[in-house]
Amino acid sequence: MSDPDQHGFEEFVAARRPALLRTAYLLTGSHADAEDLVQLALVKTVPHWGRIADRPEPYVRQVLARESVSRWRRRRWRETSTEVLPERPSASGDLDSRLALRAALGSLAPRQRAVIVLRYYEDLTEKETASVLGIALGTVKSQARDGLAKLRALLPDLELDESVTSAAAAPRPR
Amino acid sequence: MTTLHDRLVDLAEAVPVALPAPGLWDRGLRYRRRRQVGTAVVLAVAVAAFAALGSITWLRSPQAVEPAPASSEPALPNRLFVPSPWLPGTRDAGPLGTLAAVVSSGRGSWSGISEQLAPVGVSGVTGEYRFLDLPGLVPEPGFGSWALAPDGEHVAYLYREDGADLSGGLASGLAVYDTSTGDLRRHRLPGDRGILANKLLWAGDDTVVLSYGTVLSTDEGIGTEIGTPLAWHLDESEPHSLTGFPRNRSLVGAGPGFVVGTNDTDRFVIADTTTGAVRREFRMDGKNGWFPPAVADTQAQVAVMPGNRTPNWVLAGATAPSPVQLHKVTQARLTFAVLAWADDQHVAVRQQQAEAGERFDVALSDLALVDVATGDSTVVLHDAPSDVQVAADLLGQPTVEAVEPPHPLDPRRVACLGVGIVLVAGWVLILWRRRVRP
Numbered sequence: 000m001s002d003p004d005q006h007g008f009e010e011f012v013a014a015r016r017p018a019l020l021r022t023a024y025l026l027t028g029s030h031a032d033a034e035d036l037v038q039l040a041l042v043k044t045v046p047h048w049g050r051i052a053d054r055p056e057p058y059v060r061q062v063l064a065r066e067s068v069s070r071w072r073r074r075r076w077r078e079t080s081t082e083v084l085p086e087r088p089s090a091s092g093d094l095d096s097r098l099a100l101r102a103a104l105g106s107l108a109p110r111q112r113a114v115i116v117l118r119y120y121e122d123l124t125e126k127e128t129a130s131v132l133g134i135a136l137g138t139v140k141s142q143a144r145d146g147l148a149k150l151r152a153l154l155p156d157l158e159l160d161e162s163v164t165s166a167a168a169a170p171r172p173r
Numbered sequence: 000m001t002t003l004h005d006r007l008v009d010l011a012e013a014v015p016v017a018l019p020a021p022g023l024w025d026r027g028l029r030y031r032r033r034r035q036v037g038t039a040v041v042l043a044v045a046v047a048a049f050a051a052l053g054s055i056t057w058l059r060s061p062q063a064v065e066p067a068p069a070s071s072e073p074a075l076p077n078r079l080f081v082p083s084p085w086l087p088g089t090r091d092a093g094p095l096g097t098l099a100a101v102v103s104s105g106r107g108s109w110s111g112i113s114e115q116l117a118p119v120g121v122s123g124v125t126g127e128y129r130f131l132d133l134p135g136l137v138p139e140p141g142f143g144s145w146a147l148a149p150d151g152e153h154v155a156y157l158y159r160e161d162g163a164d165l166s167g168g169l170a171s172g173l174a175v176y177d178t179s180t181g182d183l184r185r186h187r188l189p190g191d192r193g194i195l196a197n198k199l200l201w202a203g204d205d206t207v208v209l210s211y212g213t214v215l216s217t218d219e220g221i222g223t224e225i226g227t228p229l230a231w232h233l234d235e236s237e238p239h240s241l242t243g244f245p246r247n248r249s250l251v252g253a254g255p256g257f258v259v260g261t262n263d264t265d266r267f268v269i270a271d272t273t274t275g276a277v278r279r280e281f282r283m284d285g286k287n288g289w290f291p292p293a294v295a296d297t298q299a300q301v302a303v304m305p306g307n308r309t310p311n312w313v314l315a316g317a318t319a320p321s322p323v324q325l326h327k328v329t330q331a332r333l334t335f336a337v338l339a340w341a342d343d344q345h346v347a348v349r350q351q352q353a354e355a356g357e358r359f360d361v362a363l364s365d366l367a368l369v370d371v372a373t374g375d376s377t378v379v380l381h382d383a384p385s386d387v388q389v390a391a392d393l394l395g396q397p398t399v400e401a402v403e404p405p406h407p408l409d410p411r412r413v414a415c416l417g418v419g420i421v422l423v424a425g426w427v428l429i430l431w432r433r434r435v436r437p
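Protein chains in written order, with numbering that gives the first Met the number 0: chain E, 0 to 173; chain Y, 0 to 437.
Hints are supplied without guarantee of correctness; some may be wrong.
[To be verified] Interface residues of chain Y toward chain E, partial, derived using beta-carbon atoms under 7 Å:
no.: 1; residue: LEU3
no.: 2; residue: HIS4
no.: 3; residue: ARG6
no.: 4; residue: LEU7
no.: 5; residue: PRO21
no.: 6; residue: GLY22
no.: 7; residue: TRP24
no.: 8; residue: TYR30
no.: 9; residue: ARG31
no.: 10; residue: ARG32
no.: 11; residue: LEU229
no.: 12; residue: PRO238
no.: 13; residue: ALA299
no.: 14; residue: GLY417
no.: 15; residue: GLY419
no.: 16; residue: ILE420
Calculated from the structure, these hints are not laboratory results.
All values derive from a computational prediction rather than experimental measurement.
Cβ atoms here follow ideal geometry from the backbone N, Cα and C, with glycine treated the same way.
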């Protein structure tokens with residue numbers, strides 16, 4: 000690849016890395032993991048830069064979201080899941096609210112978390128979310144529904160945007 | 000109260016400012032190279048596996064086996080091999096030329112290996128093996144549907160017309176296949192319900208003889224009407240009936256220009272193949288009857304096995320005066336069948352060797368020439384397959400060193416292995432490209 004490609008890539012990194020880090024932080028719940036995840040996504044983007052240079056962000060975000068799920072899969076054998084959060088923060092004040100949300104997100108399965116972040120932070124549609132994660136539309140719906148139910152249980156004061164949640168909040172068909 | 004979106008934005012804003020991350024571009028280039036090298040290695044291994052598969056397939060294919068140098072005169076090989084079900088057929092590979100022998104084998108196809116035996120020709124010139132594609136050959140689980148001419152130039156067989164509503168061993172007519180040109184001649188026999196063949200023999204190199212019954216519908220059901228034997232001289236357009244052949248005799252043998260009939264006990268006739276007129280009659284006294292005898296080309300001698308058991312000994316004698324004065328040719332009961340006369344002094348038999356002891360098994364027997372004067376035996380074909388038909392004219396000739404035919408791989412296995420290589424290579428490739436870390 001030529002120098003102009005490298006120049007364009009580095010410009011993109013300089014401009015969009017903070018935004019990517021924010022999404023990665025929501026996906027991983029850790030600053031260090033978010034940094035690793037963004038670097039991984041950007042490095043994996045380089046081989047395809049010539050093809051996506053005009054509009055790289057969707058591709059990078061796709062790699063970011065998928066890697067956040069697959070990294071968890073690779074790690075899960077050395078991690079333990081627990082029913083009860085290690086620290087259940089009180090719901091008073093901004094800091095507490097953030098910690099409570101971070102802890103609640105951390106309790107979600109990686110794919111559920113990715114669906115919630117893409118749907119409610121990135122404001123993607125269900126179809127776009129399915130495309131970014133490479134999963135079926137029905138899976139997006141069920142993962143969003145289950146994720147929201149868990150968040151509601153952990154965060155009783157949680158308010159949802161009706162325009163976004165109408166489909167996901169519908170009761171599970173019997 | 001804020002929405003989930005607002006709270007996520009608020010949480011995300013808490014991320015510290017990103018530190019510079021130099022060298023991402025170079026790491027990306029190295030990552031690309033690793034993926035390319037890994038992909039190339041997987042593809043190279045897949046190509047090597049394909050090449051190995053192709054080489055093995057080719058080495059076991061008929062093209063890779065060098066046939067014996069074409070001899071000027073046809074000859075019998077000194078042994079026969081079990082043919083592979085995946086040998087080529089004459090439809091694809093062409094006629095074999097003069098045949099030394101015909102054996103049989105189940106034939107392989109994409110749906111499996113047929114239980115019905117198909118004829119496999121063995122070239123008398125190059126020793127090659129090839130399935131004989133005989134159109135309409137009656138699918139019979141035995142090996143009585145075809146007969147090799149004494150000179151190896153023709154194969155007579157019973158055929159069934161396309162769409163004929165016939166089952167079992169019922170045939171529509173008689174066909175003759177030219178082993179050198181591949182030409183086919185057919186003669187349909189009357190009767191909508193087909194014919195049931197009794198004997199299909201060659202009376203010399205150019206005359207095929209058939210005794211058969213015509214299947215008829217009667218008030219009492221299905222019956223068979225025994226027909227007059229037919230003889231087909233190949234220089235004539237169609238067979239003719241041997242009207243002079245005695246109706247109370249059944250056809251049991253043939254030789255150049257003559258057929259042999261019997262009353263199934265002790266009386267025999269020799270009739271010509273022009274009209275079926277009886278030229279000679281003889282009697283062979285024996286309380287247990289006889290297996291079908293072999294009459295010498297001169298019609299002056301007969302060799303036979305007593306009908307009480309197999310294996311048995313061989314007897315021989317002059318056909319005149321009658322009753323025939325038979326003498327024991329072999330002292331031990333080691334012969335399973337008397338096949339044909341090779342010349343005036345030697346008769347071809349299927350025989351087990353003395354050292355085999357009491358383990359009598361036709362599958363272990365050899366095709367041998369026995370001197371009717373001395374009883375000396377010379378093995379022509381060791382471990383001859385029980386269903387082999389040899390070109391009788393070659394029996395008295397020297398044999399040639401046999402060439403083992405190829406054993407092509409089952410093409411279904413080759414296809415499965417090919418698909419397997421593609422799938423495994425694809426799976427490894429996907430796994431590698433997913434797993435490789437920058």
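For each hint, the structure was consulted:
1. LEU3: 5 Å, holds
2. HIS4: Holds: closest Cβ of chain E sits about 5 Å from Y:HIS4, inside 7 Å.
3. ARG6: 5 Å, holds
4. LEU7: Hint holds; Y:LEU7 Cβ to chain E Cβ min 4 Å, cut 7 Å.
5. PRO21: 9 Å, violated
6. GLY22: 9 Å, violated
7. TRP24: 5 Å, holds
8. TYR30: 5 Å, holds
9. ARG31: With a minimum Cβ separation of about 4 Å from chain E (threshold 7 Å), the hint on Y:ARG31 holds.
10. ARG32: Violated: closest Cβ of chain E sits about 9 Å from Y:ARG32, beyond 7 Å.
11. LEU229: This interface hint is violated because 73 Å lies over the 7 Å limit.
12. PRO238: The hint is violated - Y:PRO238 has no Cβ within 7 Å of chain E, the shortest such distance being about 73 Å.
13. ALA299: Given a least distance of 91 Å, the restraint on Y:ALA299 is violated.
14. GLY417: 30 Å, violated
15. GLY419: The hint is violated - Y:GLY419 has no Cβ within 7 Å of chain E, the shortest such distance being about 27 Å.
16. ILE420: With Cβ-Cβ at 27 Å, over 7 Å, it is violated.
Hint compliance for this structure: hints 5, 6, 10, 11, 12, 13, 14, 15, 16 are broken, all remaining hints hold.
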